[in-house]
Each structure stands twice: as C-alpha cells, then as structure tokens.
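Participant: Protein chains in written order, with my numbering: chain S, 54 to 707; chain X, 4 to 551; chain D, 915 to 1156.
It is possible that some hints are incorrect.
List time: in silico EDC-like cross-link candidates among lysine to aspartate or glutamate, alpha-carbon distance up to 16 angstroms [as the list claims (entries may be wrong)]:
1) D:K1103 to X:E506
2) X:K173 to X:E220
3) D:K1015 to X:E126
What the simulated footprint calls covered on chain D by chain X, stretch by stretch (three residues with Cβ under 8 angstroms from a Cβ of chain X suffice, anywhere in the stretch; the number is not a length) [to be verified]:
4) 1006–1013
5) 1098–1106
6) 1117–1130
If you're looking for bench data, these hints aren't it; they were derived computationally from the structure.
Even for Gly, the Cβ is constructed at its ideal location relative to N, Cα and C.
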Amino acid sequence: MVDNPIDVVIVGSGFAGSLIANELSKQGIKVVILEAGPDVQPNFNDYMESFYEASSKVPESPYPPAVLDANGFIDPKTMAVGRPSSLTVGKSTWQDPTKAYLDQRNSDSKKHTSPFKSTYERLAGGTGHWMGLAPRLVPNDFSMFTTYVKHQPPPDNEDLARDLKNFVDWPIGYGDIKYFYEQAEVELGVSASVEDQRLPGIDAMFPDSYEYPMPRIPPSLFDKLVSDKLSQLDPKDTQFLGMKDPVTSLAVRSLPAARNSQPYRNRRACSGNTNCIPICPIQAKYDPTITLNEATQNGAILKPLTVASEILLENDRVSGIRYIKYDEQGDVLHTVTDVIKATVYVIAANGIETPRLLLMSDNNGQRPQGVANSSDMVGRNLMDHPQYLSWGLLPDPIYPYRGPLVTSAIGELCDGPFRKERAAFRVSLGNEGWAAVVGGGARFGGDPNVTTLDFINGTNFSRANTSKHSGLGGDNQALLGNNLSSKLGNLLSRQFRIAFPIEQNPDPDNRVRLSSAVDRLNLRRPQISYNISEYTKRGFAAAYQLKKLIFGKLNADELTSVHEDDPASFKIDGIPELFTYGGAGHVMGTYRMGKDPKTSVVDDMQCSHDHPNLYLVGSGTFPTVGTANPTLTLSALALRTVGDIVKKLSSLKA
Amino acid sequence: MKRIRSTRHTKWFTLALALAIAVALAWLSALSTPSSAQSATAANTASPAATSPELHCTSAPVRKTPLPSPDLLNGQVDPFQGQLAGPSLPKDLLVIDAATRDSILGSGLPCQESATPNGQEKEGLENLQRGFDFYSWRTFIALNSPTDGSSIEKASPDTPTVWEDMNNFKQLLDVMLPTDQMAASWPTDWPGMEAERRRLMPPACQAVIKDHREMREWMVVKMIEESYNEPFKTGPLIDQDGHYAIFDILMNRQMFNYIMVNHLNTKNGQIANSSLAVDFPVGSNANNDLGAFMLKVSWKLLSGDEIKAKNFHMVNALVLTPLEGNKAQKCLPEKLGLVGFHAVHKTQSRPQWIWTSFEHVKNVPDVNDVAAQKFNGPYNFYDENCKSCVVNATPPTPWAPDPDLDLSFRRGDTFKSQIVRETVQTDAAKNMNTIFQSILKGTVWENYMLISTQWPSNFGCTTKHSTNAPDPKTDFSKQPDMTCSPAPTFMANSTLETYSQGEIPLASSSCIACHGNAVSYQRGASDRQNGKPSLNQSDFTFILEKAK
Amino acid sequence: MDQGRERNAGEAGGLVSISKITRRAMVAGAAATTAMAFLPLSAFTQTVRPEPPRPDMMAFLRLSESLTGVAIETLAPEFLRHKEDALLDADPGVDPFDIKKDYFYQLSGSRSAAAFTDLLSFVKANPLASQDDIIARANASDDTKFLARTIVLLWYLGTWYEPDLVLKNAANHPESVTGPLTQKVLSPKSYTQGLVWLIAGAHPMGYSNLQFGYWSSDPLDANNLDKNGNQIPLFISAPLKR
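Using the sequences and the accompanying hints, generate a full structural model.
Facilitator: Structural data, given as structure tokens:
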C-alpha cells in the first residue's frame, strides 16, 4: 500500500481508536485508521443544518446517513454504512429489517426478547453524539462476583440466582487504571470538582491533591431544587435502598463532564446550547474528531469510506484486514476491495460492529466461529444501562431547556450491600424538560413540540392536556392568543424529568450475531437478542420507589406513562404499573476481558487471547458495567493498551 | 431571538444626540484642522520626544459644509447622494469632488459610530448599515494613514501606518507573557518603548536588528499556532506561491491598560480577580474617547514581483517561525503584504463591539464569479485554471510549518488553497467600496475593500445596562440574548475565517455570535446575586484566554 | 447517561417528514434539496425578496399577535409605532432576521393562500378589532381555523404543519394519526427564531446566545428592570386591543 510498512492498522476512529492512534503517532509509530464512514468535516455547517431542519431531533439527526426520506424509512439494505436509529425501536419497526438496521427478530419463540434501543454512529470520530458525561467506575464495580456473589448463599428466586452467577470479576482493579483515568481526563478535558466525586463509603478513589483539568460545570436551577428537597430524609423512608448506612439525605453532585468550563486546547467553554446530544454547535463538548485531528497531524493516516469486511488469519496471527473502499455518486455504488497489512491490528469499531466484524471473518470456512472466538464469548453479554424514565410538572417554574442536558446527578446509590440482590443505579437529573421523554416519533419530534401541538390543536399526545394537569376547565383544550402563550409558558417552564440508568448483569443470551439481512456492501448486518433480567428489574423496582419519594418531596404532578404496546414494556411483581426503559447509548460487554481464555475474549491489556497481534478495544471489553457512563473508562483502558501495543510491536518486529 | 424594546428608537436618539450636539459644538470651535489624531512624532528623529500616550479619535464632523438642520448625526453622515443599496451606483455620484474627498480623508478616527435608521435608503436597517459601513471606511483610512501625520493620499505602499506604530497598538504576544518574565509595560516615550520591545525580542531576531533605532522600522511577528492555524484549529491558508498566510492580533492602549490594571495578563491573575466582571472601556463621541480597540490582520509573504508591482500595503517584517519540537526557531526577514484586516471597536452605544472587516481586492472570487466563470484575477488564494482543486478544502495534514521550509507549506509548493467567497457582498457594500476606491485612487489603498460591518442591531438590547456595576456597565447576563441581533447575521473574511463561511446559525462564522462565547480563567460563573453581573465572560475577546 | 432525545412514544404511519439532505448526498458530504410541496425558501437565498406591502404585513402582524399571544414588538423588533399612524400604515421595520417576511411568503404561497388572504382581509377591514374578535373570526370555519393554528406553529416552532393534512387530521382523530403527513422545519433560521422557547424562558435547543454559567441563574434577569424598578418580562404579551 505504501513505501514504509504500516505498524498498526486501527479499524474505527471513535474514542478508543483515535486515542490509540494519537498516542502511537506521537511516538513516531506508523498508523493507518480505516473508517467506514465519511471524513472529518472542516466545520459543522452540514451537521448543524441537518440538525436544525430535522423534524425529530434524535441523536443521529445531524449525521449521515439519513434514516428517512420523503417516502418514510429508508431500507438499510440500500445503505453502504448503516447504523441503528432511535426512530426504529417502536412496535412496528424494531423487528422489521426493511426499516431497522439491527435485526431484532426473535428466532426463539420460547424466549422473550426486548428491543435494544441504543444507537451509535459510523463516521470519523465515531459516536460524537454522546452526552459528554465522564464519571469513573467505582472500585467495587470491578469485583462484582467476589464482593457480592461469591460469599452469599444463592437466593431462592431461580432467575435472580442465575443472574448473580453470571457476574464475573474484571481481571484488573480500580487501582490498575487510576492513572489512566487521570490521563483520559486530561485528554478529553473533564470539568469536575474532586469534592463532588468523593462518594460516601467509596474511599481512596482520588488522592487528596488531585485536580481535575477544569472546574466543575455549575448546577442548574433544577439541580439546586432537588438538592434542597432531598437534604432531609427520614431513614425509614430510605431503608428500601439497602445502603450500608442509613440515608438521611441524598446529595446532588456535579457530574464530571468532558465539557469545557474554561477555554481548553483552543476550544470554547460551554455556553449552554442544551444540545449535547446530538451535537454541541461550538464543540465545547469533547468529541473524538479532536483527538483524531491531532493523530493525523502527528502522522496517522485516516482512510474514510473504507469498511473492514474480514480479518484474515495465518495460523494464530492476523495477517491482514480485507476492506471495501466505496464511493456513492448519485445512485451508483463503486467499490474497490483490497487487503491492508500491518504488524499489529486494533479493532475499535464499538460494541456491536466489532463482534460483527469478528463473526464475519470466517476465513474461507476455516473459522466458522469467527476470529478471536475460541471462547464463544464474542457477541455475548451485550449490556446497556436501561433507563427508568420519569417525568412530570413541578408546582413552580424551574425553567428547563437551559444549560447542558445534564449537569448533576445523585451518585452515591451506585454501590452498597443491596447489590447482592438488585441492580444499582444512579439518578440523572435532566435539564431539558420533557424533550427526551415525550416524543411524537418521526412525525412530531420531541417536546416542546408535542405539548405545543397539543394546546394549539386540542390533542393530548403529551398527556398534559387534561384538566388535572393543565388546570384548565376541560380536557383537550385548544388555545390561542394570550391564553395560549401564558398557559404554554407556564407548563413548559415547570417540566422536569429524572432518569435512572440501571445496571445490567452479564447474560450470555443477550448477544450480537449475524443476520441474514445485509447492507449495500452485501455484508451481513448485526442481529441482536436482548432482554432485561430479574436482577435489573429489581433495580427498576427500587428506582420506582425512590422516584415516588423524590416526586413526593418535589410535590410534583407525575406524568410518567407507558404505552401498552411498547415492545420494551414489562411488569414487575408487586407493582401495578407497567414499566419500560430507554437506551442510554452504552453498548458494552460483547468481547469481554478476563484471565481465562475459555470465558473471555481479551486479556486485561485488551489483547485477544487467541491472536497475539490483535487488540479489541472499546466498551465491548467490559465484563461488568456498573452504573457509570462507559466513555471515560473505555478511554482509560485504551490509553493503558497503548503501552502494550508498543511493547508488542518491538517484540513482533524483532 | 426575539427581544424586547423598552424604549422607542427615536426617543433615545433625540436625547443622545442633544448631548452629542452640545459637545460637538464646543469641539467645533476648538478644532482648526480636521485631523490631529495621529500625533506621534516622526519615526526618524534621534531625540526621544514625549508622545501623547493615546491614539486619538475624533467626534468632529466629516465635512465642513454644514448640513440642513436638524442634522441628527452632527455632520458625520456620509455625504454621498442617492441610494447605495441598489444594484447600481447612483448616477453622477462619481467623481467625488476634491473638498469632500479631503474632508473624508482627513476626518480622523471616529470615537464612535454615527448611524441612524433615517436616511436615503428605503429601509431603516439599510440606513444603519450604511452608517456603519461609512464609519468602517473612515476607521480603515484613519488607522492606515501614515503614522508620521502626512496624508494617506501621499502614502507609498510601504509607508508605516498608524496601527503599525508601536505607540498605538501592541501585539498580543507582547502582552500575554510567560509568567517567568516581567510583566509587559507600555511606556509613553520612545526609549521606553524601544527598550520594552528589545526585551521581548526573541534571540533569533536580535541578531538581525543590530541598531536599536531600527527597531521601529520592523514589524516583528512571533508565530504561534494561531499565527497560521485559523480559530479553533480549522486550518491554515496557503497562497498561490505555496506559503502560509500569517495572522496577528493587536490591541490599543486602553485595552492594554484595562488588562494590566486588573491583572488579567496571567491565568493566576485572572483567577485572583474572579470577582471582576470584565468590561472594557467604550468609545464615545460625547467624551471624545476612543475606548477599547483590537485588530486582527492577515499577511501574505510577497515575492519580488509582487513587491515591484506595489499592489499591497507592505511592511518589513521579522517573522519568527513557530516552535516545533526541538528544532531552532528561525527569524526570517520578509516583506509582508496586507491581505486581511479586522478592526473591532467597543463603543458606548454598541457594547457588543463593532466588527469591521477589510480584504485585499484580489484575494478570492465569490460564488457568482465562479458560476459565471468571470474572473478578476490573478488571485492570492485561488487559481482560475485549476480544474482539480477542491474549493474551500483544508490543506492536507500535517499543518504545522516544517522549520526547514521557511514558511513554505510543502517542498515544491505542491499545495495551494483554492478559496471562494461563499457569501457575495451586498450591493450597498460594493457601491460604498467603489466610492472609496475612487477617493483613494492613486494610492495602494484602492486595492482594499470592505467586506461588511457587523454590529448589534437591537437597540433595546444594547441599551440595557447592569445595575450595581461600574461604568460602562455592559450587561452580559441579560436573557434571552446578549448578542443583540447582529447585523448582518453572518460575516466571514476569506483569509481569516476561510473554512467557517456559511449561513448556518452557530456553525458558520459570525463575529459577535462566536466572540460572545469567549470566557476567561476567572472562576465562579454561577450563583449570581441580584444585579451582580456574570463572571468569567471576557467581553467578546479571546485575548484573555491567551494568558499564561 | 441517557441517550436522551426521543423516546419513541408515538408511532408514525406512512410519510413522516421530508429531510433536506438525501441519504446518498449526506454520505458524499454534499447537500441536495429534495422536491418540496411548497415554496422552498432556499430558492430565495441568492435574490433578496421584496418586503410585502405594508398594510398586508401589518395585518399579518396584528393577526399573528392575536393568535400567538406575543406582541408585534417581539414578532417584529424594528416595529416603529407612531401613535398618529393607523396600525395598517405603521412601519413594520426590517431586522436582520426578518423572519416575518419568510413566514408571510410561506403562507401566501401555500395551498391555504386563500384562507390566509381571507384572514388578512378581515384584519385590514377591522384594524381595531380586539384579540378575541380576531380569534373568533379565525375559528369561524375549518379552513381558517386550522390555518390559524398553522400560523401559530410557524411562529412558535419555525415549522410548517399543513393545516388540512396534519392539524385537521390530528385534531379530529386524536387517538391515531394516520395518513400522509407533511410537516417541515422551514429553515435553520426559522427553527432558531422559534418563539416557544422564549415563552418557556429559555432558548431553542442547539442555539444559545448566552454565556457560560447562565443556567445557574433565573432567566428573569435581575438587571432587567424598567425605570420603575419592575422586572421586564422575556417577551411582550399581545395587547387585547390596539
């Protein structure tokens, strides 16, 4: 391909891929990055234009490829580089491969499956639509089995017993990556105060002298209200939480965020565009194109519109990666297929696309299970942080739709003795009113559109247009004039939402396989089987109780609702209401790390047990997921892997 | 954003103008000649005479012949008859008569703009824009007039200008010094200024300037990343000779003084002064005060032929190459040609500042020119004959200059930027340019044109003031919008915002929208007490974030 | 944490929305315009459209004010109201965004142009009509009723909802919205000039002209006091009568 042989080929230019590319290039190592999607843009004009004009401001709305056209959903088989959409997780679309990119048809009628709702991007910079939150995992997250399962008698409930037995320990502990967390925080530019991160009962996470790169993001008015209302709690009311010590208050703390609170590396500070997902118009929120651009400045070569289609093996070594370079001019697709060779290979294509590539790589039938899969764990243990969503109206205006989407959370409930019986969760306070929870689908978009339409048109899609919630004389009121502006202003300014991202335990039946459905390059698309376990449902039950407590303290008028035909809906014993979940955008677990090659795919340096020159990075290596957003952890792990790659290069080249 | 107007437009003007007229009348009697602004002593006298410490501005009328009263702008309205906002220049407008010409050329640097919605144009907005554009041309002429006080009509292309004079403007890098160096100073006497410049002269350049008296004759550009990489790392600009375009930022004394007095020149100083709401001084006709003024300029390295052709304003410059790894920095003597000029001025009535941008006329074609294939080259940053060049594409990586190549982007000049102006200038701006280019005919300045002036248009918004704050009491925390509806909504200079051109909110270049995001290292921009202004906003300048 | 933005609570049947950039065009990095059912605003970017005749624009503003509950002074910030001028002779002014002109042309060029002209004629004939009178007149027939709602949605959300296809359908069958639908965000400008955010005390998501830390403070700015020391609201409510 080039005069000088390539040292490292990286598939995927997202968080992990760009960080590794940059660190290696800085050391003069020759790196080529294959990126399935389009190149970095010189500015955000196109993305912002797409976003502003989108009728539904879902996470993918600024980015190509479009999911909708004048005729409805575009069939993913016509897309060279498709990806999942938040618009195709509903009843009529989630199992329709002519609309949804992920094939979620259930081949086993005995097993119940539920929609996997999280999405990702496939273009330079990867999933730049992330929220920007950057908390660390807590020490016990790395040792769930030893801390909460190993020494407990199994519970009576069979499902719960099975869930607990599926827990494993990470092959490393918090102490092993503490240094790399700090490095990642510098690279991403994290704003936080150490005081806020000292969660009670979780000691020694930070040295006393530690300073985050930038001061914390200031709290919103809603944060301050919740903090005030939860400052005095009756420990009898909070006993259900099963914490080690009685809970007499719940602190609302600033979340660490890769969001500038000061000028940082030539980027502006946050100005509260309230648009972190899907895109920060001024790039105050870190996205991987920033590091990717550094990498290419330092000599890395980025090859966009280049899809890796197979990992080729020679004995136990990776000998090359077959790729398809494509070009879509008008309706005509041009492709060129070739093979790229290097000494070391890194697959950084996210928790679904990486297993997809591994499974596709059957090497002429010699590897029917795919590459790096002697454990049969590739694709298994797919985990997200399913979110319990709740929302309502406060008695007084709190002025949402201002500031970053999320500034603070209640974090201290992420660990405790209860974890031997139920999933942990954090409590995320939203600043975006009902935008994330009241949706009108592709047609109307999210709130405030839905509520606005309701009070102008006399409909009730938001469920707020009943006299109980609106305070008007009847239901389905259609208003105009000052009546409209004052009523709508009052309602919108009182909206709030609280989300509880809930831990999932590993479950080998939650997995990524290959579908028979293909994309435009004739590559088999991912097939997903996913479900919510008993362990996690019990986490939902506790979150539900906490929600009632919080809503009571806020004196809130609750509007949380679930459609009966929501395919993600489920019941919990003892609770009359129907539950559902939202996706958090966290795609984890599908090629996990471990000490034992029989039950894990990579070692603690994220190197494949089967192939010494193959690294698999990203949140797919997480054996368990805790409750923290995965980005900071996967970034720290990627930085830690760099050293191993450098050593591997010299040993392999010698 | 929609905004409120608490008072009526006309009422404000009547009040303010009454005051302005009163003051101006007093001044009228005092002035003998229109321009006494640039009173710096001649550069080549050996004896160090004391100089006036500040760059002077004027609120004097533009023309001597009085206007029919009431003259709402006190003689500062432009003297051109007819509507400029149409496609063609009004008949009989050119040639401008000598008296008018002299009056405009000598009118001096305006302390404040004078613009009103009433006038010869059809729409109020057009009249205001015309007032601002006239103010911009006067500003450009005043700042680019010879610093020795002679008229711009007599200037040669390389005559040192007012803004290049180290008595009037100081470069950013000479203010935001590393903390291990003594803080910057700006003496008012020549020996003092020369000594300060010598102190901050990089060692590589000291070898070139042997005689301290030559100090004033050189523009010294110490390159950092922002000197070749456009804002937010959007990319460098490469000319048709394969050289980097070079950018520089300067500020006037009032801006400098505010920074130093408030210890904003270092990060620690800013943090220690976190209770200060940064609010630079304003220019005002009433007080005959210039206020804060900052410049951003773009230069092109000139070839021998270009120097001979005399189409660019030129300076002798020493360019210190940026620090790259362990390689030694070089101090390259170059003849630089001016290709882009941003002048930004904070005034009493426009606390969001007034943003003026000029370019060399031969920088780039616009989209209409390219579509019609009607060119007026050769261009500085566009090749009419290149069919394979991708328009407005950033250069290939790496972007950092190779120290061995002396500001050439690549060996063999293999890459040249192919830049097109995406937003065509308005007819009004083009007509104003035609008029001024005829006024400046015969000088190198006829090769420059105004792109536009961006100014905050919502008067009800700009007139809001903070309570409980010291003058000028700019209100940065008003909601819903503190940018006050900039007009025009978008503005980009093809040499300075090359890759951010467009008309998409926040993504495309708008001076005020982008600079509105500027903050300092002060801490504590949250819990705002009643009436206390917000903290850590840095008053529309990114200069403060360059503190070390 | 959360993927946020759009739990799919509602189901779209059939046509959903027209996206400006086609799939292939987006992958190639270029923008293309798809055919649209009504006047594409992008066609006007190169030529400057003339301002509509003053009485029509003023009638439109009075109509809009009565329907939206937001005063002309906020809808048209350069509105100069001379007490001696009749409303229809007043100068609506031109501000840099001039979103009123975009909306005027959108309405006068749409399928509902007749109903639009009808409402304008009513205001022109009754310039002193009160807000309630204008609203009543708009609600008098289906055509004008749903057009009035479309007008409000234009001002509030910068989005065009076809009166008969979208709004009538939704209002009359609130349980299920089916059938071909057309609604479209008019332009980035119209989205960022949407009023509903201002009414909520905020700004459009993705478009903030405020500064770091503002979200920690009350939007009713303590500095925003009129000369009597009273809080100036974020927008001016429409007067009941002019």
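Participant: Next step is simple, just say for each hint if it's right about the structure.
Facilitator: So, going through the hints one by one against the coordinates:
no., hint, verdict
1, D:K1103 to X:E506, "9 angstroms, holds"
2, X:K173 to X:E220, "15 angstroms, holds"
3, D:K1015 to X:E126, "14 angstroms, holds"
4, 1006–1013, "holds (count 5)"
5, 1098–1106, "holds (count 3)"
6, 1117–1130, "holds (count 10)"
Violated hints are absent here; each numbered hint is respected by the structure.
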